[in-house]
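*Asks:* As given, the protein sequences belong to chains U and R, one line each in that order.
Our numbering runs 1379 ahead of the 1-based position in the first sequence.
Our numbering runs 251 ahead of the 1-based position in the second sequence.
You can take every hint at face value.
If you anchor each label on the Cβ, the simulated ranges turn out as follows:
(1) U:1641 to R:260: 28 to 38 angstroms
(2) R:303 to U:1652: 15 to 25 angstroms
(3) R:399 to U:1642: 46 to 56 angstroms
(4) U:1452 to R:410: 47 to 57 angstroms
(5) U:1432 to R:254: 51 to 61 angstroms
(6) U:1642 to R:468: 42 to 52 angstroms
(7) R:402 to U:1432: 19 to 29 angstroms
(8) U:1403 to R:392: 32 to 42 angstroms
(9) U:1514 to R:392: 25 to 35 angstroms
Quick look at which bits of chain R chain U covers, simulated, 3 or more residues with Cβ under 8 angstroms:
(10) 332–338
(11) 346–358
(12) 362–375
(13) 380–390
Please keep in mind that the hints were generated in silico from the structure rather than gathered at the bench.
Keep in mind it's a predicted model, so treat the numbers as computed, not measured.
Virtual Cβ for every residue (Gly too), placed ideally from N, Cα, C.
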Amino acid sequence: MAPANAVLSPTVIESRRNSFYLNVQELWDFRELLYFLAWRDMKARYAQTVLGVAWAIIQPLAALVIFTIVFSLWAKLPSDGLPYPLFAYAALLPWTLLARSLERSGQSVVAESNLVKKVYFPRVILPIASTLAGVIDFVIAFALFLLLMAWYGIAPTWKVIAIPMLVLFTLGTSLAVSLWLSALNVHYRDVAGAIPLLTQLWMYASPVVYPLALVPEQWRTVYSLNPMAGIIEGFRWALLGGAAPDTRTAMLSASATGILLIFGLIFFNRMSRTFSDVV
Amino acid sequence: MTDISVKVEHLSKQYLIGVRQPSYHTLSDALVERLRRLVSMRGFFSHSQETFWALKDVSFEIKPGEVVGIIGRNGAGKSTLLKILSRITEPTEGRALLHGRVSSLLEVGTGFHPELTGRDNVYLSGSLLGMKKAEIDAKFDEIVAFAEIEKFIDTPVKRYSNGMFVRLAFAVAAHLEPEILILDEVLAVGDSRFQKKCLNKMEDVGKHGRTILFVSHSMPAVARICKRVILLEDGVVRMDGPAHQVIATYMGSDVGSSAVREWSDPTTAPQGEIVRLRAVRVRTEEGRVTDAIDIRQPFGIDMEYEVKEGGHVLQPFFRFTNEENVCLFCPPDLDPSWRGRPRPAGRYITTVWLPGNLFAEGRIFVDVALCVLHGVIVQFHERNVVSFQVLDTLDGDSARGDWAGEMEGVLRPLLKWTTTFTQAGEHPTLVVTKGSNV
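Next comes chain R alone, as it looks inside the complex:
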């Protein structure tokens, strides 16, 4: 047995741009172009077009059972890579070796024909995705049940609602049993309850030693599903490593680091008569500035400010909102060493420490405010100064446990759970965690 599932060696893909491919859509255009070249002595059959490398010298190896995310901006080469690995397009140079049966899902409902019934389409789509008829026969009832469309299985697909269509298409795909599964941004469809179901089903696949390659723009999804992430940039591998690190790098490079905001010019900084804001940072306990936060790890947010006039009692605040603009909480500074004490002029850094397993995954936006306590004079209140992304994991030690799907709620605390068991007919006894004499 091999210990490598996917091996990519110096893979490159060149596309022609400019004259030839886009404009040559009719024969007469082609003839005119050839003639023009002939007249201009540039050679009748010359192929001197502008070229563009969508992928350049990409190499990596994936072990069986690894779930690898591929991220990068639009045009970074993600889709080209998946298309080559799916054998839809050929590489210009280099090669890839795939050990085992491969299924790729680059679109939901590929090959579905609107005029045909759900039943017909299950067979058609299944066979396009690489299933044998006998396999589809065996799984047919399971697929239909999974899609929850038993009643409509003999109705033409064009009469399906969008949701039904997507569910059926996904149900077929979810029942593939390849050794290598290639997924391109396909989880972004369907209602969230069904997405959960699919994610769980795909996770099942992952746990059976199957290799998954997953492209997505949804960082929470990538962080949740993948342990390893490859970051592509302009067709080359910029980074390849543990999911959280790579995502952090990507997001740092992507949003111009939303994790830090500094005002170098004191005149434009937010300020009142007494206090001037200088900087806000999201950072790990080790002091590394990042906007990708592992849901399990505690982290801090610094507010750096300058007290221009001493002798006042100051009250810094933070305010946290999520993507839906829901205020999660708005904590005031409780540091006992400065609570109720007038502060001398000078530079301060006030840090609020946030425990792990507090926020739900997603992007969190931070407001900062500071007021003089007596008389309540607001010195500054800056909205959305910094933001950070909370990334959950499937390691099993976060609050999501072994659940792979979407989770509701704005908080995700790690709670203590207990279960008591008693034989039928007996009265269960309550678990007591305090004051018990056991």
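Only chain U is shown next, with the shape it has when bound in the complex:
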């Protein structure tokens, strides 16, 4: 009996010297594993919790209530003339997706050290799976947002079709940062402690609780280097109408994410060669 794939070229195992090489075909071959790992993350997260998936609603809702009280009622921050809860929630949708993804995928390699030491698969699957696992929470939070819109009597427009693109953009940003964090975390566990701090700072550097208009014009360019600035403005535009994000902000945000992602992949790929020896 001839092996079924004897005609295929053999697997070659040697020291990889080229860090720029990313085996896309192999990633595709392992797509089912990616799916199962993301699915496991989702399923295991809410196992043995009383409220289960309700947590996906409670968390953004609690943030929303706190933000409305602190930033709108007390600090009286402007909200582009929109009801503050809607204004803030539209930003919390992508923000929560990013923050939760970072929290999980930044630790993904270390958390799965047992797998890393015992099974082969393209390591980049770990941060990707953890990032994707946040999508279900997003979908639930998004459904809640639609209810909130109905409550305020605002109808969604055709611009909603931009949401999937913006979600992809958010996931890309999250992955770009996670690639760096998860690889660094293998060598330096300090990263785990730094992630909550980083997300805190990042949130205040993004127009989550305040409108972009509040940022002085001369700082806009620098500010727009933060991909979340463009994404959040995009969400507000797509869901609540108002001014379309200007091209400059969009382009800057997109290029920042793109560059971070490409170098993140290279960095991760390079570091992953020694994961099993170090983790």
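With chain U held as given, fit chain R onto it using these hints.
*Replies:* This is chain R only, laid out in the frame that chain U set:
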């Protein structure tokens, strides 16, 4: 079609030891270390650490369908080799070529998540081990039946007993259908009945022309499953050849040769007033001292002694016990040429010849004793003087036949078997082997 399944060429793996890897677990440590180097002018980014070669220039080839054992002491490089072949870690130098689909099983239950149900874990674990979802779908019922946990398949795995967990994990692994299967010491778990089942299943795999690489510390298991064995020592291939020879070499080097015991100083040798013990040896019919005994081959045990005072009738004994300290038998010397005859002073070597297909596999310990027959005065009785390992094979010509699993019992004789067949409704006739006029 290729006639090589695995080709390893000059494979080496270097690990860094000392300063860098173990201690650099926080960023501040790393910074302090870099700073210290900067101050001491040793270069900010220098990597002058102590290194250690876990594998050094290892080369071999394996043909499709070969079942190869890899043995060696802890730290010899076995696990490093398997990790490289499983692509978990990269070699520092050299390369390996693997022809065909590879599955490696370095641990039982890798990827199992305690919160998820058995069903979920079958999919998760199967996919981690390289199975496609469609494949798992197709084999799902078979896997669950094999694990014997039908009733609990939708229960979270954390509520499983240890045995159930191991059975399910193994069932998934046993249903892999790779061309090359890499196994690291994973058969040492589970109850023995289930182990049998797994071994048989893996053997099935072997007979379909699949290549298996198998690391184990259990020499009986290696001898049983593998025809060829590679012995690693300090990261290099010390020996590569037929299982029994390599295992014999390994065990010889490992236990300081348990097959022979000699007393060079006559004053410390076990002795009575009349007889002094000099040496005990386990050897093949050809006279080669070894403690690895092929279950099919006859072998001998020598007792070498010195009769200091002539004129007595002597009775040498051997006593055989197994690992559970069960006495198997205790034969006295029956050699007719000396039976009942007083012996003159001098050196004697008394050998007991043990037939093939007598002991079950495992380690057997030998006591020696000698007494003067009239008056029964014990001259010496030494316990566990030598020991040897009985190794069974899967060639099919030992008592185990085609059975690959564990076998009970302290003896393993090769018996004659007969079966008579008659059509339903007729009376079977008894097989008569003696006194029959056919």
